[in-house]
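Visitor: As given, the protein sequences belong to chains A and B, one line each in that order. Read left to right, the first sequence gives residues 283 to 571 (my numbering). Read left to right, the second sequence gives residues -3 to 295 (my numbering).
Everything labelled a hint here was simulated from the structure, so no lab data went into it. Note that the Cβ used here is the ideal one computed from N, Cα and C, for glycine as well. Careful: at least some of the hints might be erroneous.
Below, a list of computed lysine-lysine pairs in the BS3-like style, where the Cα atoms sit at most 27 Å apart [stated by the list, open to error]:
1) A:495 <-> B:218
2) A:495 <-> B:177
3) B:218 <-> A:403
4) B:40 <-> B:58
Sample of chain A residues lacking proximity to chain B, with all beta carbon distances greater than 10 Å (derived) [claimed, not checked]:
5) 285
6) 335
7) 387
8) 462
9) 557
10) 564
What the simulated footprint calls covered on chain A by chain B, stretch by stretch (three residues with Cβ under 8 Å from a Cβ of chain B suffice, anywhere in the stretch; the number is not a length) [claimed, not checked]:
11) 336 to 344
12) 407 to 416
13) 437 to 444
14) 447 to 458
15) 535 to 542
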Amino acid sequence: MLLLVLAAILGIALGISWLCVYLVHLGERLPATRRFIDFAVPLLFGVMLITEWELVTRGFGVPEILLPAPSVILVAAANALPTLWEDVVQTFVKSVLSGYVVGCGLGFLAALIINRSGFLKRGLLPLGNFVSALPIVGVAPIAVMWFGFDWQSKAAVIVLMTFFPMLVNTEAGLAAAGHMERDLMRTYAATWGDEMRRLRLPAAWPFIFNALKINSTLALIGAIVAEFFGAPTYGVGFRISTEMGRMNTAMVWAEIGVAAILGSTFYGVIALFERRVTFWHPSVRKGQR
Amino acid sequence: MTKPSFFRDSVVPVLTVIAAIVVLWYVAALFMNHSTVVAEAQLKGLAFTPSATWYRSWALDKPLLPAPHQIVAELWRSTAGLAITSKRSLVYHGWVTLSATLLGFLLGTLFGILLAIGIVHQKVMDKSLMPWIIASQTVPILAVAPMLIVVLNAIGISGLLPKALISTYLSFFPVVVGMVKGLRSPEAIHLDLMRTYNADDFKVFTKLRWPASVPYLFASLKVGIAISLIGAIVGELPTGAAAGLGARLLSGSYYGQTIQIWAALFAAAFLAGLLVLVVGWSERLVMRLMGARPERRAA
């Protein structure tokens, strides 16, 4: 029996790997199929991972506490849909979105203000760079103490986490417009507002989107970790820590799966907007690769 | 134009901003701790004069916001004032966190470099792995940290390794992305030149790709080391507050020891700054040894 499982595991791994190799080579010979293949190969790889996971956990009887099979996780998730939804509303809609909007907005405004003063720029930017490297999630216990158990404390942590990446990136973006273009604006006698709207901000968009993307992941991490320090009786982070205490690992994995989907969707939506707004940028333009 | 001066253009603005933050901090402590002081005064049946209230709000045992000098005093007491083997010494806890960080960082860097080499040389790996590597980072992976710790604990792996694994997972990503970019950074002319020399893949790698990727590697390492530290600290949260800076944070939050929390936070910030500095220094050293001119900034 064990041998059979082992053979199946190896067979599937080899089979799918071979298929991937074949498809990639096919794509090199037939450029028309490349779009499809760029999509199919990672998908196949993902399918392989999940099948192998299922086979290993079932075949070798891995205890559920260590690693539940994907099917077990799916069943657990399907049985707990209302709970999962409640957690998503608490963690994502209330904490993450509010904290993210406020944090990114404040960082952007601060960058605009600082941009007008060379002294503040020189004083705050090194600090901003330094703070970006700090483990800011650590302020979670303090935030819980100040703002209570509910979503306000999580939002506060997220504001702090997202503020500095936004500040530093926007600042870099505002400095990205070339000297020639800035001189041109001067010859037009453009006001500060005109120069911002027509030259500096458009040039800064790629940097700002970079910060928005970094922050989307940071915000979700901040909310979940902050919930480890105290939360009302719902929320993704709260559920993960309590279900782990009850050794209900299938539910923990279900929550992680939900968090993963949320994180990727959040990131994907921002990337989509980025393509719309910065369509002129070399990394978005077609025909560059 | 006056000549640029390091002192006037960097030190003075940064110090001014820091001074402003400290002053704001004292003012904030005054307001935030006011109600605690008033409650204390009522409890003891005392009537504080305004100046006594001020002084008291900067000297509480469990203030809502400790004043900067209280944090410095706590830092000094728990580093220099205690034997470093003591369970309450921040040096001891810092070392626990630091060792997990460094081990995880080392593993993550090695793993990341190996993956990047594979991705650059094997088209199949590029197509099948790269989307998943990127997707893996949109997942709030720190959420898995406590589970990983508990699970590994259940099968008898505890202590340093589980925390280091979280740091590994977090730090391998910037290294992979940066190194893939770096190993592909040699220009077509250079690659063609290697072809005219009849160099094989290995020679191209050691003589061209690897040296070209070093600036990218260091840029990734700076991100990686910072994120490794975060991983190690979060990894310490579920271990029941045994040891490490994360454990200090957690026990501080259980017992309302705000000064202890802030001291642990500052220790973590200090560690982060130190680690980034060390990476920066080694970058400058390596670049100099490789013959780069000091004023040229790597892209």
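Visitor: Just pull the numbers of the violated hints for me, sorted ascending.
Guide: 11, 13, 14
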